[in-house]
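Read in order, the letters of the sequence shown correspond to residues 1 to 407 in our numbering.
In case anyone wonders, no lab produced these hints; they're calculated from the structure.
Okay, the calculated beta carbon distance ranges per label pair:
no.	residue 1	residue 2	range
1	Lys34	Asp263	38 to 48 angstroms
2	Glu306	Leu98	42 to 52 angstroms
3	Arg145	His109	24 to 34 angstroms
4	Gly368	Arg347	14 to 24 angstroms
5	Gln2	Glu176	46 to 56 angstroms
6	Ile349	Gln125	40 to 50 angstroms
7	Met290	Leu374	22 to 32 angstroms
8	Glu344	Ala280	19 to 29 angstroms
9	Pro168	Glu33	47 to 57 angstroms
Think about it this way: if two alpha-carbon atoms lie no more than 25 angstroms apart in a straight line, the pair counts; the simulated SDA-like pairs of lysine to any residue are:
no.	residue 1	residue 2
10	Lys138	His208
11	Lys297	Ser26
12	Lys14	His42
13	Lys297	Gly363
14	Lys238	Gly19
15	Lys132	Phe274
16	Lys384	Ala275
17	Lys297	Ala280
18	Lys297	Leu317
19	Lys58	Gly10
20	Lys322	Ala280
21	Lys132	Ile240
22	Lys238	Ile9
23	Lys392	Asn301
24	Lys182	Leu156
25	Lys238	Lys293
26	Lys281	Gly377
27	Lys281	Met309
28	Lys401	Met309
29	Lys126	Glu137
30	Lys182	Leu170
31	Lys139	Leu216
32	Lys281	Ala305
33	Lys182	Arg207
34	Lys182	Pro211
35	Lys138	Pro211
36	Lys281	Val307
37	Lys276	Arg292
38	Lys392	Gly115
39	Lys104	Glu55
40	Lys297	Thr362
Here a beta-carbon is modelled for each residue, glycine too, at the ideal position from N, C-alpha and C.
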Amino acid sequence: LQQVMSNLIGNAVKFTYEGEAFVSFSGREVITEKGGRDLILHCSVRDTGIGIAPENQKRIFEAFTQVDETTTRKHGGTGLGLAISRELCRLMGGDIGLESEVWKGSHFHFELPFGGFAEPDPETQKARARRKKILTEKKIVVLCRQSTLASLINHLCLRYGIEAIVTPELTQHQMEEVIQMKPDCLIIDPASQPQGQLGRFCGLLNRHGIPWVGLLTPVDRKPDEATFAEMKVDFCFKPITEEILMDTLCNLLGKDEGYDAKDDPLSIEGARTFAKQHPAKVMVVDDVEMNRKICSKILQNLGYAEVAMATNGAEALEAVSKVKPDVIFMDLQMPEMGGVEAAEKIRAIRDLRRQPIIIAITGHALTGVKESCLAVGMDDFMTKPIEVGTLKDVVTRNYGKLVNTAA
1 LQQVMSNLIG NAVKFTYEGE AFVSFSGREV ITEKGGRDLI LHCSVRDTGI
51 GIAPENQKRI FEAFTQVDET TTRKHGGTGL GLAISRELCR LMGGDIGLES
101 EVWKGSHFHF ELPFGGFAEP DPETQKARAR RKKILTEKKI VVLCRQSTLA
151 SLINHLCLRY GIEAIVTPEL TQHQMEEVIQ MKPDCLIIDP ASQPQGQLGR
201 FCGLLNRHGI PWVGLLTPVD RKPDEATFAE MKVDFCFKPI TEEILMDTLC
251 NLLGKDEGYD AKDDPLSIEG ARTFAKQHPA KVMVVDDVEM NRKICSKILQ
301 NLGYAEVAMA TNGAEALEAV SKVKPDVIFM DLQMPEMGGV EAAEKIRAIR
351 DLRRQPIIIA ITGHALTGVK ESCLAVGMDD FMTKPIEVGT LKDVVTRNYG
401 KLVNTAA
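The whole structure should be built from the sequences, with the hints applied where relevant.
Below, the structure written as structure tokens:
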């Protein structure tokens, strides 16, 4: 999946001179023949690039095919990317579709079946319900000229019951009308207005106590917080996600209802309090790089700034005496030395200041696997894919062992 998305996004950026490349994911639930629930993942990559002529669209997925020799000379590439992407999709049980128009852009999309439909954990559901309660019926003006971004923000607002009024720009008269309207908040893309005009408008909002959120590009510098300390202002970086936008809006609009980001597990600040409440040195052991990245990213989002890594049990065994981790997330099936053998050998080390908590991680929960893990001294067991709520529960459930050992 990563390879397919890398190919499609790379092409979208490469062949788009003006406008945008937009990536979206959605899922739908299907009921299996046995009455189970599966997830169908829909992925879409749109761009406003050079497009592909109808006569070239059928052969674009053939190996070593680009639209013409000029394209190859100008943009490089082997011509294998789309052929590989289609083959990978078919191997995963899906296929790629394409709609395109010359000089208007292209739309590549595919669907893949995923076994198993995971419900959000109760903590996440509760936090989202609280956010929705704070934001429902709020009126927000969205000042954004970029149609795709404006549409995304509008969609997210509707999901939380927010009335969004979207406009690509404001005249001086319309600015005054917005002030008189007294919306609960504005979301402002600075690219939508001339800089001087935008500065005066934001000054008006500040004088009238109307909160606003400024959207920044990844290369922008976030303004000094001290400058806006007395104002109801915040900023968030593109690309905009549901978590980032709703976190920002709740921070601005939820204070009167007792909202505190530290208590919200979906907020960046709230998530990172977990590591403060459960301080520990953490190690992730897995032979698959993507699994290590995902697990370490979740841990970093929870506030664990440094996560040690090992690619198999032998590396973990060697690192334990140097790193002295408090918690080890250990994959079971790895080359050279698997997780069960590594855990058994770690438990046999006598000169450790204290034994770490060892959490087994596996892609399946076969009968007897959990028992064999516990039998060699592992403390708990998790199945992939790893979810934030499950990981937090496992650490919380076993954290007392660290405290008791230290005492």
